[in-house]
Structures are given as C-alpha cells and as structure tokens.
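Novice: Whenever a hint applies, use it, and build me the whole structure from the sequences.
Listed below are the residues making up each chain.
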Amino acid sequence: MVALTLHPDRLLPTDPGVRGIARRLYEAVRDRPIISPHGHVDPRLLRDDPPFTDPTSLFIQPDHYVTRLLHAAGVPLETLGVGSPPLPEDRARAAWRSLCEHWDAFRGTPVRYWFDSELVEIFGVTERPGAANADALYDLIADQLRQPGNRPRALLRRFRIEFLATTDDPADDLAAHRALRADPDVGTTVAPTFRPDRYLEVGRPDWSEQVAALGGDVGDYAGYLAALRERRRYFVAHGAVSADHGHADAGTEPLDRHEAERIYRSARAGTVSPAAATAFRRHMTFEMARMSCDDGLVMTLHPGICRNHHGPTAARFGPDSGHDIPTAVEFTRALRPLLERFGTHPGFHLVLFTVDADVYSREIGPLAGFYPAVYAGAPWWFLDSPAEIRHYQSAVTEIAGFSRLSGFIDDTRAFCSIPARHDMSRRLDAGFLAGLVAAHRLAEDEAHDTICALVSDQPRKVFKVPGQAG
Amino acid sequence: MVALTLHPDRLLPTDPGVRGIARRLYEAVRDRPIISPHGHVDPRLLRDDPPFTDPTSLFIQPDHYVTRLLHAAGVPLETLGVGSPPLPEDRARAAWRSLCEHWDAFRGTPVRYWFDSELVEIFGVTERPGAANADALYDLIADQLRQPGNRPRALLRRFRIEFLATTDDPADDLAAHRALRADPDVGTTVAPTFRPDRYLEVGRPDWSEQVAALGGDVGDYAGYLAALRERRRYFVAHGAVSADHGHADAGTEPLDRHEAERIYRSARAGTVSPAAATAFRRHMTFEMARMSCDDGLVMTLHPGICRNHHGPTAARFGPDSGHDIPTAVEFTRALRPLLERFGTHPGFHLVLFTVDADVYSREIGPLAGFYPAVYAGAPWWFLDSPAEIRHYQSAVTEIAGFSRLSGFIDDTRAFCSIPARHDMSRRLDAGFLAGLVAAHRLAEDEAHDTICALVSDQPRKVFKVPGQAG
Amino acid sequence: MVALTLHPDRLLPTDPGVRGIARRLYEAVRDRPIISPHGHVDPRLLRDDPPFTDPTSLFIQPDHYVTRLLHAAGVPLETLGVGSPPLPEDRARAAWRSLCEHWDAFRGTPVRYWFDSELVEIFGVTERPGAANADALYDLIADQLRQPGNRPRALLRRFRIEFLATTDDPADDLAAHRALRADPDVGTTVAPTFRPDRYLEVGRPDWSEQVAALGGDVGDYAGYLAALRERRRYFVAHGAVSADHGHADAGTEPLDRHEAERIYRSARAGTVSPAAATAFRRHMTFEMARMSCDDGLVMTLHPGICRNHHGPTAARFGPDSGHDIPTAVEFTRALRPLLERFGTHPGFHLVLFTVDADVYSREIGPLAGFYPAVYAGAPWWFLDSPAEIRHYQSAVTEIAGFSRLSGFIDDTRAFCSIPARHDMSRRLDAGFLAGLVAAHRLAEDEAHDTICALVSDQPRKVFKVPGQAG
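Chains as they are written, first to last, in the numbering used here: chain A, 1 to 470; chain B, 1 to 470; chain C, 1 to 470.
No lab work stands behind these hints: they were computed from the structure.
Among these hints, one or two may not hold up.
Pairs involving identical chains hold if they fit within one copy or between any two copies, as the list cannot separate such chains.
Said to hold, decoys possible - Derived lysine to any residue pairs resembling SDA-like cross-links, with alpha carbons at most 20 Å apart:
no., residue 1, residue 2
1, K461, A176
2, K461, A439
3, K461, A3
4, K461, D104
5, K464, T167
6, K464, V125
This one's a predicted model, so the numbers in the text were calculated from it and none came from an experiment.
Specialist: This is how it looks when you write it as structure tokens:
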C-alpha cells in the first residue's frame, strides 16, 4: 500500500521565494466560509438529509467528470450506474472497484486532486486507491457514510458553506427551498437559480408540453412573457439571485414584436423552423436581460457546448452523461445588441462563462473592462483546472483587473468536492498574486486585500448575495 | 500613506538563477535610446511645446486604457472628461480623485505598472495614490507640470526618444512635421504615418466628403488611385516610413479593373452596397501593398476590432472611448492574394498585428517564417501586458525565430507612458532570453546580441528607420 | 570560435528543486529505444543504405523546417537546392555556408535545438557554426558521412529505433518494406503507413490518373471502395499499423449510397464541382473509419493546413517547400457523424493532431476524455516546440489524463533529427511531470510510471505497434 497524504503546500508555486508569499496569502483565506453562487446540488438532499447510501452513488454515478474518463478507459457507463438510482451493493462495489483499478487514468487531472482531498479530509483515507485495496476502501467509506456526521446537512456545516445556489427548473414549486429557509437548523443560505433554457428553445420537441408547466396563459406571446416574468418573481421571492443560460451560442439579437409573436404562434402549432427557433431564443435572451434589469436577477451565460455529442449514449443514459463537447464561441458581436441596450443599466450584472479559453483575452476581458454590467466568470467545466485557471487569471486581470472577476464558482454535482474545489481556487489565487508580488507588480498588502476580496466580497457583490462582507 | 517605489528587479524572473542572467541582459539595453515606429502622439504637441495643463488632461482624458476601467468600475465617462478639452480645475480634480479612489481597479494590469513608473520616475511621487492623498498628488503633479523640464520637448529628450512615428490623416498637410524637421532644437526624428482607412472604406457615410479632401481629381477610380499615390509620395517626402491599416478583417482579394471602377462609381453616387464596399476595401488593401512595393512604405495591418461597440457611448463621446472590442481574426486565407503577389517582393515589409492571440502560433509565426516580407508585430493594445507578451515571445520565436519580430511598438496616446512601456518590453525580453539561456537553449552571448537587436536594430530594419544601428 | 556543447540539464526546469525531480525522471527513460509511429523517412534509404553524400543534402534540402527560415531571411530556395537532387559540391557548400551565416535566424527555435544535438552527438562538432567556420564544418561532416558508421542503417541502430513508420502512397508496391522485413540485418521494425489523401480528393486535377494506379476496377464507386479496401489489406499484410489523413478540414458527414455513386461518376467524368468533391471527401473519411473498424488500422487525422500557400513557389519547387500554413480547425461538429457511429467501436483508434492549439482544451481533450477511440495526438509540425508542447501537456492532461495521449511522434523528414526530437520530448515530459510532483499533485512513483508509459507503452498501445512493452 502506498500512503495517501495531502501536502500543506500543494498547488502553491515551487519557487521558494514566491511560495513563502503564497503561503501567507493562502493562510489569510484558507478558513473563510464558502460562497457558492452556482452549482448543482439537489435541494431535496439538504431538506431530507438522508444518509448517503454508498461510495458509488456519492462519488461516481452523479459525476460526469468521473464517469467520462472511466468510459474513455473502456469501462461501460452501465457498469458505473450512470443515469441509474443507487446500485445494489454488488454492482456498487464493482463500480467502485473499476474506479480504483483505473486510478492512474486520473493522474494530472483536477478530478484526481479533488478526490485525494475528499478521501483524506472527509473520510480519513490514508492509502492510495488501487485494485488491491478497493474493497477495503469501499467498506471504510460506506461505514463512514453511516455516521450522522457525514449526512448532507452535517457536511454542509463542516464545509462552512455560507451561501449555496442550486439550479432549478422555472416550473419548480421550490418547496424544498421553502422548507430549507424555514428550518432554523440550516445555517447555510440555500438559494434557487432560475434556469429557463428549455422554455426559451421553442424548437425542442417537448417545448409545448414544457411551457404549459410554467402556469399562466401561455397561449400567446404576451402570456408567455408574463408567465416567465411571474416565475422569475416567484424565484426572487424564494431567494434566487441569478438566472442561468446555457444555449448553443451567445446571440442576443431582438426581434420586433410582431415577428416574435409570429414565431411564438408557429412554435405553439409545432411548425417552427430551426432558424426561427434560434432567432426566437436569441430574442428571448435579450428579453431575459430586460427582465433582469427590472427584477435584479444576475444573468449568467455559458454558451458554446454541443450537448449530447454521442447520440446512442444520450438515448440510453440521458443528458449529462459525459459527452457534452465544447465548440468555438463568440461574444463580441453576439452580445452587442444586449450590451448596447443594457450594458450600462444600473445594477444589471451579466457574468460570462466560457469553455473556449481563447475568448478570455480576446473578448471577455475587453468587455468586462468597459461595461459596468459585465463580469468575467471563473473558469468553468473543462477549464476548472490549475493550468487553465492560471491562464484565466493572467488573461483577464491584465486587461480588466481583479474587480471584474466573478469570484470562484464550483458548478458541481459532486457535493463532497465543494470544499476541495474552493480550496484549490484559493491556493491558485494565492499563487498568482504571490507571483505579482514577487515580480514587484503589486505590494503584499494589496495582494492580501485582493485575495480576501476574491474569496468573499467579490462573489457577494457580483451575485448580489445577501449578507455582510467578511 | 503607503510608499510607492520601483524595485530594480521588477518584472524580471523570480528564480534567482534566471534572474541573474536577466539582470545582465537588461543592463545591456536599459539605457538605449527609444525607437517608437508606431504611436499616437500629436505632432503639434511637440511643435508647439505647451506645458501640460493638469494631471487629468495628461493622464486620464486622452487614455482609453484608463477611462475604460474607471467606466467599468462605475465612473461616468463624462466625469473623466472623455472627448473633452482640458477640464476646469474643479472637474479636473474630481476626475483625478476618481482615479485615485479606484486605484485598486488597476491592480494586475499593465496600466498600473506604467502609472507607477511614470509617477515615480517622471514626477517623483513617493506615495501610493488613494482617496486620502488624491488632492496632494494632484497639486504635486500640477506643480511639476509647470516646470520647464516637464514640457513635451524636454520630456522627449529626457525619454531619450530617437525616432517617433505619429499617426496621420492622408489629407494632413503635415505642417507640424515640417516644422519639427526644420527645427534644430528637436533631436528626435518625428515621422508621420500614412493611415488611409477612412479613404478606403467607401461605404462610410462621410466617405464622399472625406475623399474630396485628398486633393487631385477623385471623380473616377483612376484619379482616386493617383490621389492616394500622390499623398503617399507627400508623406514619404515628409519622412514617413510606414502606412497603417486597421480594417475589420485582413482580406486582400483584388478585383478586376472594371469591377473596381464600377464599385467606385457607385460609392461616389452614394449607392454602394455593404458587400461591395467590403470587396472594394479588400481590393484596395491589395493595391496599397502594390504601392508599398513602389514607394517603400512599410505596411502594417491590425485587423479584427469591432469599433465603437457601445453605440450610445460612441454617439456621445466619439471614437476611441474604450469600447473597441476584438473579434476572431484570420490571416492565412485572407492574406493569400496579397502574399502570392507581393510576399517575396524585394524590400516589401508587411507587419502583422493582432488582438486575437490564437493566430501567433497558428498563422503569424508560420507566415513570418516563410515570407521575407512578413514580420510578426509586437503584442498590441489589449495584449501589451506581461503574460501576453510572454506568450507572443514563445509562440512566435519557436516557429519563426527572433529575426522575424517587429521589435516593440508602444502604440500609445499616453505620452508619459512611452518610456515605461519600452522599459517593460526590455525587461520582458531580458526575462524571456534569460529563460532560454537557463534552459541551455541559447548561449548568453547570443542572448545579449539578440536583446540588443530587438531593442535597436530590429525595429530600425523592419520599419526602415533612417539612421545607423547602435 | 565559440564552443558548441550540450548541457546535460538542457530543457529541464530551472528551479533547482523541480530540476532534481526532473533529472531522475529523465534518467529513467533517457536510453529507452525509440518508437516512431509516424514520420517521413524514405524506406529505400534504409533498404539501399547508401552513404549520405554531403551535409547539404542531409540537413538542408529535404527539411522545410530549415529552408523556410532561410527563405524568410532572404536566401532563395534555389540556392538551398529545394526540390532538387543532391547538389554539386560547390553549390552544396554555398548552401551550407548560407545556413551557417544565418545561424542566428534559428535562435530560440526547436530546429536550432535539434541541430545542436545532431552536430554534437552524431558528428562530434565542437564549434558553433558561423560564417568563419562554415567550410571547415562542411569538410568535417562530409568526412564523417564517408564513415561506414554514419550510413543510414548504422545510424538506425545507433539511434536505437525499435519501430519506424514511414508514409506511403496506397499504390506503392511496398517493395522496399518487403526487402527490409526480409533482411535479418535490420533490427528495426519498419512499417508502411497508408496515406490515401490524393485518392479521396476527387476534385484534384490528377485524380482520375491517380485512382487508376490503385489497381482493381475503379470504374464505379463499388470498385473504388473495393480497391481501397484491398490496398489497405495489402498494407496491413506488409506491417502497416495506421492510415493517415491530412485534409483541409475534419468533416466526416456520410452521404447516402446513391449520392456517393453519383459524385463518383461525375468525378470520373471530370465534371465534379468543388462542393461535391468536398462532400465526397468527408464521406470517404467516414468510410475510411468504417474500414479501420474492420481491418484494425489506426486512423490519424491532421486537418487544418492551407497547402502550398505561395503558388509561384509551389509551381517552381513543388509541394512541402515551406509554405503550408495552418488555419483554424474544428473537430467537435465535424467528427460527430464519425464518432456517433464508430467512437465506441472496440479496437477502433482515432488520433487527432492539430496545428491550431486552441482545440487542445476546447475539443481534443473533451473528445479524448469520453470516446474510447479518441487519442490526443502529440504536438505536431509548427507546434513541436518546448512552449507548445508544455501547453499541450497541461491543456490535454488536465482534461483527459495521460492515458489519452498518443505518445510522441517525430513526423520528420530529417533522419538525423529523430533522436534529438525524441530526447526533447522525454526531457519535456520529465519537466512537466516533475512540476506536478513538486506541486504535490502526483507522487514521484506515479510520475516515474507515467513517463515510462509515455515513452514506451502508450505509443505501442495507441498505434498497435507489434512487440512487447518494455
């Protein structure tokens, strides 16, 4: 067996001079509470607080970061229980064994980094996973999961999560959120996020059915707008701070009223063309920005993903099964209509995420460096790794400074990875700022002030998180 | 108050071994005269040599690098006097106070780096700007500006600027340049640059009016070509070394003569279509290269900017008000017609600038690594920062070597930032070359030779600057 | 004269702590045999084993990496003997002198790095080339080339090349390969590679002529498919492990049978339109993947090159004369049809190469991180340099891990550069892994295991190289 330990200086710069500065900066924020303004934790998990049943349903099944690499290594998604409820113990054990046997497939990835942190810090694992100890580790973790201290709410406290946003369907009744807010036992502010994609993409086969779920009279375009406005109001009343958009592109060209009504009617009739559906969705992105100016919801955009790239896998295992693949993205021209209209609107916030790293210096930095509304979203999804985060840090801050950054978001479905992800970000912030101090571009007191802002004040400000700055 | 100082090792590598090499290389070029073959200093400033009136009109109003970040931070451009003549003192003070209060917005940016250098080296500032000392700093600098030693020409001498190119309208009579060249008191060679964009973009609403200012008989296409040729000749006679192009794309497809004439006629008649105007502009870029082969003007191209992104701001504050935003750019196919015809023409120089960093290794390096005419322009505008310059250094030189680089250009409207910008470039060159030496890829004598070439000989050669190599 | 030496730590990290780790990792693989699964050595060179005639025909004439930079520096390609047989001695000497006189044009490039290695390690050169010693070096190398120990086969042994793939025309009779395989004196496994580009691009003017050379009845589409299938079978029988594709884009949209037949007929009739030819080529890329699923040939794709950019040079000096220029490339949508059909086919391997570095993190990493068939090809052509290799290492492994990499390929026409290129890759692998160890992201035993895999097991596995892992 090989020992598994976490080095206190992990991810910090290796140059001893720079590392010393980085240690001091990291120290200043290491124990700060977590602000998580965008993620995918299920609020019912926190409301119902059931014990996690087994390591596989906790670490593998819901996390496409893990299953996609095992799939690439030849493990069938079925073996891993993708898209299934928790597996019976023999199958859960077999899936866990697959993970341990393919531990080397994760070398160099952030998934491995988070895994190491979670195993050591949450579950007290002391051995590197492998074929030989897979069953023993399964037993150890399964045993830990039966402890009350490892139930979801207890972990939420232990993780020091101050604010946690979930991602929710506009038609959701938000009952789980209501219960959580009413429960004095929950110290974390858990907020819903308005995610209207499927209601705006009128060419989807299930759109007519979906849109009926919004409530209100959606028989015509005016009623549809009113229904969306009402659902946003409902979300705001339940604590939502943002609305999240993940369309194929960042287009925001508005239509004139008659054209929008015409397309809406054809969508209702099931006769909308793909081109018209795209035009309508871009128009609605513009309209959503207008609503944000009215109701204050922060608007987040993360375009440029080809969803469900492998049709046969999507058909069998559903969405989010590991083959959403990025494409090139364009913001400058696509956002122009929206920004000409709302880019200087007081209080409007638009956070831009990308999985096409080219646009950090080419488009996002320049946009965030002029428009008061625009913030550069933290590296997201495929880019949430040390090298890409370092690229983002320099590419965006050299153009737009630190005050135009969104602060870190974890965007995760893997509940136990939340602290490790935020800790990684803090270490990388400390390292980057230490580099600026060591190059005599920034004084250490400024770096200290900046890292505190990045961890606490900036995400609060950008996402309008209620409560006081730390 | 916190002290403001400049560390002698700023921007040099932090590894002690590499830093030692970098110090020696930097030392070799630190005090060399400045060659500035592309920039935006107003030649009348140097001819008339008026004292600068106040810190705001010097540092803030003309510099969109500064005003865009303050605008993003919520300061209205009107407060900053964008697009205005020098402000009355109370407003100038208020603008300066805004800058000092938002000093943290510039952390990590090159603007901050240049500011620090200018405040310390030119004006002897010893305190970090902030809300508390804003007025005192205003007074201190305003007082300095009244000293004869801080008038434009005195600064020009102090900055050791040997060659300075301005950017000029083809219809300009170049009277200021004539006066400067005739004045034995001016040690710097000040040269105009031919910037014909607006005369080539025949779809612009003011084109017909503009083109008449060229002089000559521009009633037909032949006369138009002749007028442009004559204005270039005039510029050459006044010391111009280059012609600068900043169109939306890098297209260079020529038209046949009849088609060019036809479009020209429709432009004169005010009936040209956008597509025809674009085709004509690409054709004219080809024709400008042909003229460069004849008259020797170096051709510089910097496509890929969406100008005046925020219409309402442009309408109120004019162009260059901080919201020109980059877009993806393509050189390989776009330049092919021009390069097939002129890419090996003896003495033709084409310098390619980009704000889309992707093309450094993908297109610019490969083009500059084959065509004798093509040089890789130094990182420009949004990319004139340490990390992006380092990216350029490795991306281009690993493909095309050092001898295909343009040498540094400052491209600035901020007169006082010229020495800080060139010094930053020299430090980064020293650091990059030191890295090659430390990795045993280059001997130190070669690195020494290379940095001297980059600072002095290379820009002289690429831009055909008159005078002897140092 | 300045000494030319190779430092044992060249290319390793400069931080002393990291360097120590890197040295140990490099030591573990330094002397391992070379697996070269993609390159451009002529098999007849190895079959006939003639002495190399002179330094120019060895180092300059066949290597467009060298000639393009000399051309950019102003040396005519004719002087360098591009596209010619070996030059008479006076011209060969003059070409060599040009190289030595322009030695500084190669500073900072990998070509310079490989040159240094080859001169010192193979030919015992001890002086830096330059104008003064050009003739002496020519004589020294020419003399060495007359030694039996420097004939192609002797070098093959000295370079410890265990497996070497060449690149071959599908119509080639592979006589040279047959002879090599039959010769017990040849310890290296030399394998052909099936390179069908010109047979799939039905719009090429010489296509009809070419396709006849395939043999079989290519009068109709079915016969054409059968002929290609038969030639692949023939290549497999002669040891081929892969089929290599270098089209303008990565499109793989299949046509229905009738449409394919129709286009094929029009191609035979010489009336195919460019659009139809492109559609057919994309269809055939799909069909080639289908054949790979049947016959096991690994499929390699390297799209995104604008071939023969400078027409006049191509007309005079032929293809591969230094002006193939990259363009932006897209894989996500282009490969979707192929991957939906074959991306999970057992045993199908698809290796993606790019000269557009943007796609490493945006497309190649995500694709290789899901599809068992997809591997991320090593940095290729313009990107085979230290900084770009480092970018690839972090961009791909943080998304897809090390086990999705192809392992190094040298892709070279410069026979003597093979060991220097592989050694460079090993040093960079050691440096990258040492950085992960120093950042406490990987244990040193894992890094050791990983570098051994990258050098030996991974290329064997990905390219299905016969023989045992080391």
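Novice: What are the numbers of the hints the structure violates, in ascending order?
Specialist: Per hint list: 1, 2, 3 and 6 violated.
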